[in-house]
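K.L.:
Okay, here's what each chain looks like letter by letter:
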Amino acid sequence: MARKHKRNIVPFGPQHPVLPEPIHLDLVLDDEKVVGVIPSVGFIHRGLEGLVDKRDFKEMVYVAERTCGICSFQHGMGYCEAVEQIMDIEVPPRAKYLRTIWGETSRLHSHLLWLGLMADAFGFESLFYQCWRIREKILDLIELSTGGRVIFSVNQIGGVLKDMDAEMLKHFLDVLAEAETEVREIQKTFMLDYTVQSRTVGVGVMTKRQIHACGSVGPFARASGFKVDMRKLGYEAYPDLDFEPVISNDGDCYARCDVRIREIFQSIDLIRQAAAKIPDSELAAKVKGNPDGECFARIEQPRGEAIYYVRGTGKKFVNRMRIRTPTFANLPGLCEMLKNADYADVPLMILTIDPCISCTER
Amino acid sequence: MAVIIKKEPEQKTITIAELLPEVIAIRKRGMRVCQICAAWVNEQFELSYTFANDGNYLLLTLRVVIDKDVEVPSITPIYPSAVFYENEMKELFGVKVENISMDYKDKFYRIEEKTPFGPESEDE
Numbered sequence: 001m002a003r004k005h006k007r008n009i010v011p012f013g014p015q016h017p018v019l020p021e022p023i024h025l026d027l028v029l030d031d032e033k034v035v036g037v038i039p040s041v042g043f044i045h046r047g048l049e050g051l052v053d054k055r056d057f058k059e060m061v062y063v064a065e066r067t068c069g070i071c072s073f074q075h076g077m078g079y080c081e082a083v084e085q086i087m088d089i090e091v092p093p094r095a096k097y098l099r100t101i102w103g104e105t106s107r108l109h110s111h112l113l114w115l116g117l118m119a120d121a122f123g124f125e126s127l128f129y130q131c132w133r134i135r136e137k138i139l140d141l142i143e144l145s146t147g148g149r150v151i152f153s154v155n156q157i158g159g160v161l162k163d164m165d166a167e168m169l170k171h172f173l174d175v176l177a178e179a180e181t182e183v184r185e186i187q188k189t190f191m192l193d194y195t196v197q198s199r200t201v202g203v204g205v206m207t208k209r210q211i212h213a214c215g216s217v218g219p220f221a222r223a224s225g226f227k228v229d230m231r232k233l234g235y236e237a238y239p240d241l242d243f244e245p246v247i248s249n250d251g252d253c254y255a256r257c258d259v260r261i262r263e264i265f266q267s268i269d270l271i272r273q274a275a276a277k278i279p280d281s282e283l284a285a286k287v288k289g290n291p292d293g294e295c296f297a298r299i300e301q302p303r304g305e306a307i308y309y310v311r312g313t314g315k316k317f318v319n320r321m322r323i324r325t326p327t328f329a330n331l332p333g334l335c336e337m338l339k340n341a342d343y344a345d346v347p348l349m350i351l352t353i354d355p356c357i358s359c360t361e362r
Numbered sequence: 001m002a003v004i005i006k007k008e009p010e011q012k013t014i015t016i017a018e019l020l021p022e023v024i025a026i027r028k029r030g031m032r033v034c035q036i037c038a039a040w041v042n043e044q045f046e047l048s049y050t051f052a053n054d055g056n057y058l059l060l061t062l063r064v065v066i067d068k069d070v071e072v073p074s075i076t077p078i079y080p081s082a083v084f085y086e087n088e089m090k091e092l093f094g095v096k097v098e099n100i101s102m103d104y105k106d107k108f109y110r111i112e113e114k115t116p117f118g119p120e121s122e123d124e
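In order, the protein sequences belong to chains S and E.
Quick note: the first sequence, position 276, residue 276 per our numbering, numbers continuous.
Quick note: the second sequence, position 34, residue 34 per our numbering, numbers continuous.
Hints listed in this document are in silico derivations from the structure and should not be mistaken for laboratory results.
Quantities reported herein were computed from a predicted structural model and do not represent experimental measurements.
The beta-carbon is built from N, C-alpha and C at its ideal position, and this holds for glycine as well.
Treat each hint with caution, since some may be false.
Straight-line C-alpha distance at most 27 angstroms; calculated DSSO-like pairs for lysine-lysine [to be verified]:
1) S/Lys232 with E/Lys28
2) S/Lys58 with S/Lys208
3) S/Lys208 with S/Lys162
4) E/Lys28 with S/Lys208
5) S/Lys315 with E/Lys107
6) S/Lys315 with S/Lys227
7) S/Lys137 with S/Lys170
8) S/Lys58 with S/Lys316
9) E/Lys12 with S/Lys232
10) S/Lys227 with E/Lys96
11) S/Lys339 with E/Lys107
12) S/Lys277 with S/Lys315
13) S/Lys288 with S/Lys54
14) S/Lys54 with E/Lys28
15) S/Lys170 with S/Lys208
16) S/Lys137 with S/Lys162
17) S/Lys33 with S/Lys339
18) E/Lys114 with S/Lys33
19) S/Lys162 with S/Lys188
20) S/Lys227 with S/Lys162
21) S/Lys54 with E/Lys114
22) E/Lys107 with S/Lys6
23) E/Lys12 with S/Lys315
24) S/Lys277 with S/Lys137
25) S/Lys227 with S/Lys58
26) E/Lys96 with E/Lys12
27) S/Lys339 with E/Lys114
28) S/Lys33 with S/Lys162
From chain E, some residues computed to sit far from chain S (all C-beta separations above 12 angstroms) [stated by the list, open to error]:
29) Ala25
30) Ile36
31) Lys96
32) Met102
33) Arg110
With the C-beta cut set under 7 angstroms, the calculated list includes, among others, these residues of chain E facing chain S [what the hints assert, rightly or not]:
34) Cys37
35) Ala39
36) Ser81
37) Phe93
38) Asp106
39) Phe108
40) Tyr109
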């Protein structure tokens with residue numbers, strides 16, 4: 001006689017050990033298998049987009065930066081990109097290179113943060129410590145060059161507020177060389193260790209077709225062979241740098257680890273290229289008038305494609321600013337991935353999209 | 001040297017009646033829905049449906065302008081992944097979206113204020 005399964009709804013979050021930020025998922029379980037997922041957000045929604053009425057278009061850079069503490073710099077940069085395109089501002093070349101260097105440094109610390117959290121989630125605490133120890137070096141570089149560790153506040157409409165001299169760039173490269181050697185060590189553990197493989201290989205497989213149907217972005221999509229990287233759009237100094245999107249074709253949790261680790265090496269390489277080519281110029285272009293028009297700017301954040309929509313009407317205050325964050329775009333993919341998953345694998349699988357609820361709750 | 005693709009985004013203003021046929025045509029072209037957003041402009045809702053062609057990095061935005069109480073059809077039967085964008089538009093702005101494949105009925109965003117970015121909120 002066939003065994004009767006009873007369906008249950010198990011709440012996951014908003015508070016959960018693997019989630020430092022609140023998101024709620026109603027997991028529909030058939031025995032131990034997940035058959036449906038209903039997410040809900042908004043526990044810490046801040047309504048930052050609504051501040052367009054209270055902060056002028058230049059001050060909104062700082063509001064955009066406060067969308068998230070991990071990709072803070074890139075949020076500011078994305079907003080600046082959108083306003084600069086509307087106002088037809090040509091950013092000086094040195095500022096473009098500096099933005100690229102700081103942007104890639106942000107990616108480094110974000111990926112190392114994620115690797116640490118991932119190691120912690122599957123119970124490998126010493127690996128977690130190693131990842132965050134390396135990340136600390138990257139944060140020190142950020143603090144040394146910008147004065148901030150979380151919010152850098154070096155972006156402004158038309159360029160950047162701070163410069164890096166030759167000595168600082170050399171120090172960057174020296175520290176990154178050390179970090180690269182150390183990441184190669186943890187790469188071996190992540191990719192070859194039996195315990196890591198047993199938790200990640202073949203878990204949470206997403207095909208390229210599923211990724212496309214769900215509109216997923218970033219390393220989550222690239223781990224399923226989806227070769228899309230917004231840096232190819234040619235913003236900032238990326239047109240002068242040589243790189244190809246990092247992809248994997250396996251589409252499982254292991255592949256997502258692999259892609260993010262290889263993206264760390266890619267970011268180090270991009271910083272090296274940028275440091276070698278950085279030209280001398282002003283740090284910011286003059287900004288005259290107010291934005292009049294609209295623009296969708298796209299950038300590649302550590303978690304994937306982010307979209308910044310700005311609409312100005314020639315006044316000091318823009319009419320609308322909208323940030324579509326990568327985590328929001330990855331929610332349908334997350335729901336799809338969790339279907340048919342074992343309940344025990346759910347926390348780890350959620351972590352592999354690198355969810356940033358702070359971004360989502362902008 | 002890396003191959004860089006730089007293209008101007010395309011934008012098209014359409015009526016509500018044209019929305020679903022246009023979205024079907026876009027779907028047939030294999031484009032990905034990458035964002036949907038609302039803006040309250042000149043006492044009307046301005047809805048932007050943005051799609052990306054990841055082969056050539058082209059962005060296409062469909063713009064629909066509607067009055068406050070007009071219902072807009074959901075595109076979730078064509079793009080199921082649009083479900084969260086449409087619920088967001090409904091809950092934060094108060095746009096009336098009909099036939100969403102999974103209508104959260106104001107429970108997607110666990111917020112206390114109803115339609116915080118909507119026109120009623122502005123009037124206050």
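K.L.:
Determine for every hint whether it applies to the structure shown.
P.N.:
Right, here's what the structure says about each hint:
1. S/Lys232 with E/Lys28: holds (24 angstroms)
2. S/Lys58 with S/Lys208: Since the Cα atoms of S/Lys58 and S/Lys208 sit roughly 40 angstroms apart, the hinted pair is violated (cutoff 27 angstroms).
3. S/Lys208 with S/Lys162: Outside the cut-off at roughly 41 angstroms; violated.
4. E/Lys28 with S/Lys208: Measuring from Cα to Cα gives roughly 17 angstroms; hence the hint holds.
5. S/Lys315 with E/Lys107: violated (35 angstroms)
6. S/Lys315 with S/Lys227: violated (39 angstroms)
7. S/Lys137 with S/Lys170: This hinted pair holds, its Cα atoms lying about 15 angstroms apart.
8. S/Lys58 with S/Lys316: holds (8 angstroms)
9. E/Lys12 with S/Lys232: holds (24 angstroms)
10. S/Lys227 with E/Lys96: violated (36 angstroms)
11. S/Lys339 with E/Lys107: holds (21 angstroms)
12. S/Lys277 with S/Lys315: Answer violated: S/Lys277 to S/Lys315 is near 38 angstroms, above 27 angstroms.
13. S/Lys288 with S/Lys54: holds (20 angstroms)
14. S/Lys54 with E/Lys28: It is violated: about 42 angstroms lies between the C-alpha atoms, which goes past 27 angstroms.
15. S/Lys170 with S/Lys208: It is violated: about 40 angstroms lies between the C-alpha atoms, which goes past 27 angstroms.
16. S/Lys137 with S/Lys162: Given that 27 angstroms is the threshold and the Cα spacing comes to 20 angstroms, the pair holds.
17. S/Lys33 with S/Lys339: Status holds; Cα separation ~8 angstroms.
18. E/Lys114 with S/Lys33: Cα-Cα ~35 angstroms, so violated.
19. S/Lys162 with S/Lys188: violated (37 angstroms)
20. S/Lys227 with S/Lys162: violated (34 angstroms)
21. S/Lys54 with E/Lys114: holds (20 angstroms)
22. E/Lys107 with S/Lys6: holds (25 angstroms)
23. E/Lys12 with S/Lys315: It holds: about 25 angstroms lies between the C-alpha atoms, which stays within 27 angstroms.
24. S/Lys277 with S/Lys137: It holds: about 24 angstroms lies between the C-alpha atoms, which stays within 27 angstroms.
25. S/Lys227 with S/Lys58: Not satisfied, since the Cα-Cα distance of roughly 34 angstroms exceeds 27 angstroms.
26. E/Lys96 with E/Lys12: holds (21 angstroms)
27. S/Lys339 with E/Lys114: violated (31 angstroms)
28. S/Lys33 with S/Lys162: Cα-Cα ~52 angstroms, so violated.
29. Ala25: holds (17 angstroms)
30. Ile36: violated (9 angstroms)
31. Lys96: Non-interface label on E/Lys96 holds, nearest chain S Cβ at 19 angstroms vs cutoff 12 angstroms.
32. Met102: violated (8 angstroms)
33. Arg110: Violated, because the least Cβ-Cβ distance between E/Arg110 and chain S comes to about 4 angstroms, which does not exceed 12 angstroms.
34. Cys37: Interface hint status for E/Cys37: holds (5 angstroms vs cutoff 7 angstroms).
35. Ala39: holds (4 angstroms)
36. Ser81: Since chain S brings a Cβ to about 4 angstroms from E/Ser81, closer than 7 angstroms, the hint holds.
37. Phe93: violated (11 angstroms)
38. Asp106: violated (10 angstroms)
39. Phe108: For E/Phe108, the interface hint holds, since the closest Cβ of chain S sits about 5 angstroms away, which is under 7 angstroms.
40. Tyr109: holds (3 angstroms)
Checked against the numbered hints given earlier, this structure breaks hints 2, 3, 5, 6, 10, 12, 14, 15, 18, 19, 20, 25, 27, 28, 30, 32, 33, 37 and 38; the rest are met.
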